[in-house]
Amino acid sequence: MSSQALGESKLHHHFETYEQQKETSFLGMWLFLAQEVMFFGGAFAAYVNYRTLYPEAFVAGSQQLDTTIGFLNTLVLLCSSFTMVYAVWAAQNSKGPKKIALGLYGTIFFGGIFLIVKYFEYGAKFAHHLVPGYNFIPPVQDIPHAESTEIFFALYFGMTGLHALHMIVGMGIMAVMLFGLHTGKSWAIWDRKNHNFVEGFGLYWHFVDIVWIFLFPFLYLLGAHPPSF
Amino acid sequence: MSQTTHGTTAEHEFPKEHYLNAAHGWKSWLLTTDHKRICILYLISVSVFFAIGGMYAGMIRLELVTPEGDLFQPDTYNRVFTMHAVMMIFFFLIPSIPATLGNFFIPLMIGAKDVAFPKLNLASWYMYLMGSSLALFALFKGGVDTGWTFYTPFSTTYSNSYVSTVAVGIFINGFSSIFTGVNFMATIHRMRAPGMTWFRLPLFIWAHYATSLIMVLGTPVLAITILLVGMERLFKFGFFDPALGGDPVLFQHLFWFYSHPAVYIMILPSMGVMSEIIATFTRKPIFGYHFVAFSSMGIAIIGFLVWGHHLFLSSQSVYASLVFSFLTMLVAVPSAVKVFNWGATLYRGSIAYTTPMFYALGFLGLFTIGGLTGVMLGTLGLDIHMHDTYFVVAHFHYIMVGGALFGYLGGLHFYWPKMFGRSARGFFPHLSALLIFVGFNLTFFPQFILGYLGMPRRYHVYPEEFQVLNVMSTAGATVLAIGYALPVFYMIWSLKRGEIAGPNPWGASGLEWQTQSPPILHNFESMPVVTEDPYTYHPPAQEGAGQPAAAHSAS
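Just so you know, the sequences run in chain order C and F.
For the first sequence, numbering that gives the first Met the number 0 assigns the number 0 to the initial residue and increments by one for each residue that follows.
For the second sequence, numbering that gives the first Met the number 0 assigns the number 0 to the initial residue and increments by one for each residue that follows.
Chain C extracted, bound-state conformation (with noise of 0.2 Å):
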């Protein structure tokens, strides 16, 4: 099973040992997930702001939403967390590149629905005259603030956008993994004593799902009952 002859996982020089060096990796991914959710946090904190500012143009503007893709584009999301899972499986159990590739390769392409899904979703909002800025005209005519609704999704475009940034960064990075895998360069041997990269990354992508776990009820469930009720 173990296919390692490559050679041996990396010791940085500054390091006494794995153990300390994996500490000082999962504590430096941390911290940056922290801020991550602190960068997240100045959006929701606006969110929070306009929701109580305007709420029935905020609900206008959830029921524009279509809550059937959002669930299914959540489960997509939640696939691709699971095949990131088994990427930081093998890693950690030295299952050998091909395992990693593996799981890395399921990740892109649950991600990469996830885009393509998101892509036809705006594609949408740009047909029915619901883009801030460029072509909008509020949904709703007989609410208070119904202009309002704008705000709506200036916060829809730019904290999904920000999500979606995310996530191709991440698929970015692991482009170069997966190189780095096939080219078996020494940076990208991963195995029980150091496989900080993978597990590291795979921290980053959960964060990158949990945000989109916050911003799916935030835009598309609260208030989202059908006009009829």
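FYI, nobody ran anything at the bench for these hints, they're computed from the structure.
Predicted model only: the values in this text are computed from it and were never measured.
Quick reminder that beta carbons are idealized off the backbone N, C-alpha and C, glycines included.
Worth double-checking, as some hints may not be accurate.
Stated by the list, open to error - Computed, partial: chain C to chain F, Cβ under 8 Å:
#1 THR16
#2 GLN19
#3 ASN48
#4 GLY132
#5 SER147
#6 ALA153
Based on the hints, put chain F in the right spot on chain C.
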């Protein structure tokens, strides 16, 4: 003290192998991952931006010599004070101590070979370089006229200056801060030498840990704020535009959520330097070590909860303002703990009046003035009178120059022999410290009075009765400029001609003084083992001759 060092340095030879000659050529500098070399890269770059910011300060003071606006058009003046602040805050003060002295000394003080992520450390310098280059580009194209606070909707809707370029520059520069913060926290957690427990860490380390916490948790909020502003300018998203239902006060909340804690990014590392200098030159452990350590953390944490005191005159509710006013006064408590403990450390210490100690003593007085006027401004009623006057300008310059910059300069003089193996001391460093102290007070003390009398900030014309105080301020700025210029000469001179320092020219405790100066590439010959508390100073008999005997027999 000085006799001790003179007595010992004569015997030292300049080390043959050290980090400066471990590799040669421009690639060995631009692609280095050695924290000590990255410190020097940062040192050169922040000095350039300090000089640029200083020139803008000179232009401001020159305009304000006369009551009329005879040097600049109003719009030009707006650009001048904005660029002064942008250069000084984002590209000098925030990276100044952490990226230079912090970078160099955190691994040395905890007995590590390098920071936790050396490549990230280099990446942080490149991010700084990219961000600052964009800001420089905007500067040459005409600059920004919004004030460094970039308040909306002026910055998003009306301003025709290079807001987007500078905003992108600051955004990229934010990565540099975040990388540094992540790096320092991981380093302090995981790279300590055997025996270096949390409460054996020098207070410099505690201060940088607290600073890093703010860098990691605060900077991303500024990043998202800039992105929202960017989306508004590029796509007309209207987050902050009242005409589109946006809320300009939300911008102020988000902006100050970072930018108030950013003040603590500037002052906390300086406080760390103060603890090191004061302990060394009183030859005593810092009084109340644990309190000083925790007060750094206290300042960092409470500092996150006070941003609303910048919004007393916005539409923020009175009840929120009351809470923010209370929390603002609360942050004075850990700050005062530090000042009192340093004072108590001085008491019956064997004080040596070296150049770093001049800066430390200057810091104590100036920071206290800056801090107490901050409490005055945190008082709801008084702030309405003082808001946006020169009183505020004087207050934060006492913190940022009298506090942060004094710590930076004191630290630079203190650590210079360790960094380069040669000392810069004697008449000119003393003279420079004196000129900076006198010049600083002459520049900014009159501004307290001007502000109290009602002169608003950011105006290039003023009533004639304010002229005397403004001329005093400009005269002080001139003295200050001479004080700043002197180190450029004597410090560069000392690189070649300064006396050879030896491993421990100040007779200080701490791991960083046990290795040679300048240190070898991997800092220590063998992994150091820590067996005693920080700032352990032994009686003079063990330290060598030359101690003032009277002071020691008294203590």
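For this session: Using 8 Å as the Cβ threshold, decide whether ASN48(C) counts as touching chain F.
Result: At 5 Å from the nearest chain F Cβ, ASN48(C) passes the 8 Å test, so the hint holds.
Problem set entry | Evaluation of the interface hint that places GLN19(C) against chain F, nearest CB under 8 Å | Since chain F brings a Cβ to about 6 Å from GLN19(C), closer than 8 Å, the hint holds.
Problem set entry | Agreement of hint ALA153(C) with chain F interface, Cβ distance less than 8 Å | holds (4 Å)
For this session: So, SER147(C) near chain F? Judge it on the closest CB pair being under 8 Å.
Result: Holds. Min distance 4 Å.
For this session: For the hint on GLY132(C), just tell me whether its beta-carbon gets within less than 8 Å of chain F.
Result: holds (3 Å)
Problem set entry | Given hint THR16(C) near chain F, where the shortest CB pair must fall under 8 Å | Since the shortest Cβ distance to chain F is 11 Å, the answer is violated.
When the structure is compared with the earlier hints, a violation turns up for hint 1 alone.
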